[in-house]
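Listed in order, the protein sequences are those of chains A and B.
For the first sequence, the residue numbers in the UniProt record's numbering are 1 to 511.
For the second sequence, the residue numbers in the UniProt record's numbering are 1 to 376.
Heads up, a few of these hints could be off.
Unchecked claim - Taking lysine to aspartate or glutamate and the EDC-like style, the derived pairs with C-alpha atoms no more than 16 Å apart in a straight line are:
no. : chain 1 : residue 1 : chain 2 : residue 2
1   : B       : Lys228    : A       : Asp367
2   : B       : Lys228    : A       : Asp379
3   : A       : Lys159    : A       : Glu203
4   : A       : Lys30     : A       : Asp134
5   : B       : Lys169    : B       : Asp283
Quick caveat, the hints were computed from the structure, so don't treat them as lab data.
Please read these numbers as outputs of a predicted model, since none were measured by experiment.
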Amino acid sequence: MSDIAIELRGIDKSFGLVHANRNINLTVRKGTIHGIIGENGAGKSTLMSILYGFYQADKGEIVVDGKTVTIKDPNAAIASGIGMVHQHFMLVENFTVLENVMLGAEDSQILNTSIAKARVELKRLEREYALEVDPDALIEELPVGLQQRVEILKALYRKADILILDEPTGVLTPAEADHLFRILGQLKDQGKTIILITHKLREIMAITDEVSVMRRGEMVATRPTGETSVEELAELMVGRRVLLRVDKGEANPGAVKFSVKNLTVRDGRGVTMVDNVSFDIRAGEIVGIAGVAGNGQSELLETISGIRKAVSGSVDLNGTPIDMTGNADPRDLRDRGLAHVPEDRHHVGLVLKFEESENSILGYHHDKRYLNGVFLNMDAIRADAEEKIKKYDIRPPNPRLRTANFSGGNQQKIVLAREMERGPDVLIIGQPTRGVDVGAIEFIHKRIIEMRDQGKAVLLVSVELDEIRALSDRILVMFAGRIVGERAPDATEGELGLLMAGVEDRKEAAE
Amino acid sequence: MSNPYAKLPGWAEYGLIPLINLVVAFMVAGLVVLLVGENPLDAAYHMINGAFGRGEYIGFTLYYATTFIFTGLSVAVAFHAGLFNIGSEGQAYIGGIGVALACLWLDQTMPWYIVFPIAMFGSILFGALWAFLPGWLQAKRGSHIVITTIMFNFIASSLMVYLLTRVLKPLGSMAPQTRTFAEGGQLPKLDWLLAIFGLDIGNAPFNISFLLALIAAFGVWVLIWRTKLGYEMRTMGHSPSAARYAGISETRIIIVVMMISGGLAGMMALNPIMGEQFRMQLDFVQGAGFVGIAVALMGRSHPAGIIPAAILFGMLYQGGAEIAFEMPAISRDMIVIIQGLVILFAGALENMFRPAIGRGFASFGQRFPVAAQKGA
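Work out the full structure, taking the sequences as your base and the hints as a guide.
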């Protein structure tokens, strides 16, 4: 018996062009709580999915309890003593707790015998780990905190010694989260090993023994929790890449072009994602919104561009008030001079199966210059596309090529060309350089500055703090759906990092 | 990443894969024929000969193909917007009411070229209305289009039994059908078209609705690839989130697309009612709506693919009837099995050979985008 529960050696995984995990090494000691943090898209979930057998690594090996294992599916993971509590629960809503726990682990063809056995075992587990749940309650009638407990029981019932929890507190209230941490503490005392995946620094500081930080598919550091700080972790997580140099003159802000007023947005489950947010953008300035991904920036962008409905609030666009709770549709906003470069160009900004020229009119296809009555004016569309291809140096310069066959940077240029060449008054840009090669980054940054200098109001959302600092004239920091502070672009990375981690928030709560 | 399969060059995508699927389907069908103790080669001969051996046979093949072009286009239009319309069967059936009403009203006073456009308008109107309801339910209430269109097929079927036994049946007749139309309700045959190739049409009901089907196929191509509406449909079909971003109204597109789909299905009724029977009979659609699904799948929802696919199925229908006639051991039901196999391989198992062929191409060289991407 070694005291290492899991060791990952050189794990590598790509999905097509996306390199999700690069040569990951990780050692998790037995009987500890090991945190893995990183922003959304840093590769945490992919790594855990490899460990739990949902994906196979392209390279590398997994050592569990001193033995090299091949985990080809979740059953193999369970057999190696690995259990997983998913972010989205894998429970049958209209089954009872008992039925869910034994589902897939019935040890007899006769259901009644299995049920009797499972009931005894479940009772024992509940006593041993103080995880009280009524075994005959229906899942759909239980609060989320208890549903999660059932997920943990499921893993324990399958004799898991290593528990992986993927963003476990995302759906919990603070009280439920505290309760969960107590349970995890008990499990640790009983000798279980726990891997906790999260992007919340506070949780890491509160309960882990060791913490590993992932960024852009790489494992950048592992620290004993006692020897690190929120500041250091925030910096590691966001990353200190070579400071991007952008030639940028002084801003000459003019009148307010765009203001957001008391905007509140909830998601499908009723969780508040944007919480009473207000801000102004003036002509000729770039306002950047910094924040760890998942703190409401995406919802904010979707709402002010008309894709998503707000619960309350409005925007003023060019002096026209628009109620965002009603039918503020994207087409109407576009007509009023708002352009939107969405965060997700693959699913939102572009139709990958379309020809380049078809994507160059997406959203503007009502424009008379692209139409002959109800028919598309193919010549005009292609000529227009060719013009943009030239101006934005999109390669290969072929308007008939399928959009999926362009590289990330060129795809992004297609979107930018479409949105910028309309000469909008307000430009909203989400993640302008995500998945874009370095050469294109420079070009894109230049174009954004040019838009500002032409007197446009620009809102920039990015998870790249360097990008925000390099481009913005003012920086707003978003945390848990709220704007928690405004800083000038010369604010230090540490200062912004603390705001992004919601540390001020904690001070306020303590008072 | 959205497409799990390698992208193939056009000729493989549209030519090689359907061909392989077809060959496998016929090989399995041959095994079925062997099983009942007949010679599969003889059966193949009878099928080909029965479908193309004489002018009359070709006329029948193309008559069936006409029907399948309409229903295939109907399914394909909905496919482009990401909607699976299983209800072409019922929409075609109800479309028949429009045809029958026009004929019953005008056949004794007007020539066919006046009645035909009115009947066409009627078929489109009734077919579209029957598709409007499932479309509206999907767009406004979120009721799944697959479920509602299937249910509407049953409702259409019951409604037509009622109409043909109570309302549209002439007094004193014992058959569930309308009266036979006078000359104004009968479409001219395309005997001259076959005569160009030196063929005699015989008794085949191959009529001018075939030309209408070709025009409809061209119209669908224009609609999908050359109009604003088609652009919006395709955007929604490929990526609903991009459609929302572009400000395209999902509700409007669903309802309009379903009505176009229903209208195309409705036009199918012209062919059997005005072209062959000269009256509306119970169950005149005979499953053509469902065959349309297979035709659209095989034709990759492109009019240029739908026409040959429809002719293939026309061949299966006509040639199949010939096999049943020439080889008594092979009953009509066996023919249905063979047709089912073609649908199975060309439609449902459409992707069965694709991965292997894709791998073949990928290892074949760096000429194709897939291979290039992997190397990047």
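A quick look at each hint next to the structure:
1. Between Lys228 (chain B) and Asp367 (chain A) the CA atoms are separated by roughly 10 Å; this keeps the pair inside 16 Å, and the hint holds.
2. Taking the CA atoms of Lys228 (chain B) and Asp379 (chain A), the gap is about 14 Å. The hint holds against a cut of 16 Å.
3. Distance restraint check for Lys159 (chain A) and Glu203 (chain A): the Cα-Cα separation of roughly 26 Å exceeds the 16 Å cut-off, and the hinted pair is therefore not satisfied.
4. For the suggested pair Lys30 (chain A) and Asp134 (chain A), the alpha carbons sit about 31 Å apart, so the restraint of at most 16 Å is broken.
5. A threshold of 16 Å between alpha carbons decides the hint, and for Lys169 (chain B) with Asp283 (chain B) the separation of about 14 Å falls inside it, so the pair holds.
In summary, the numbered hints that this structure violates are 3, 4.
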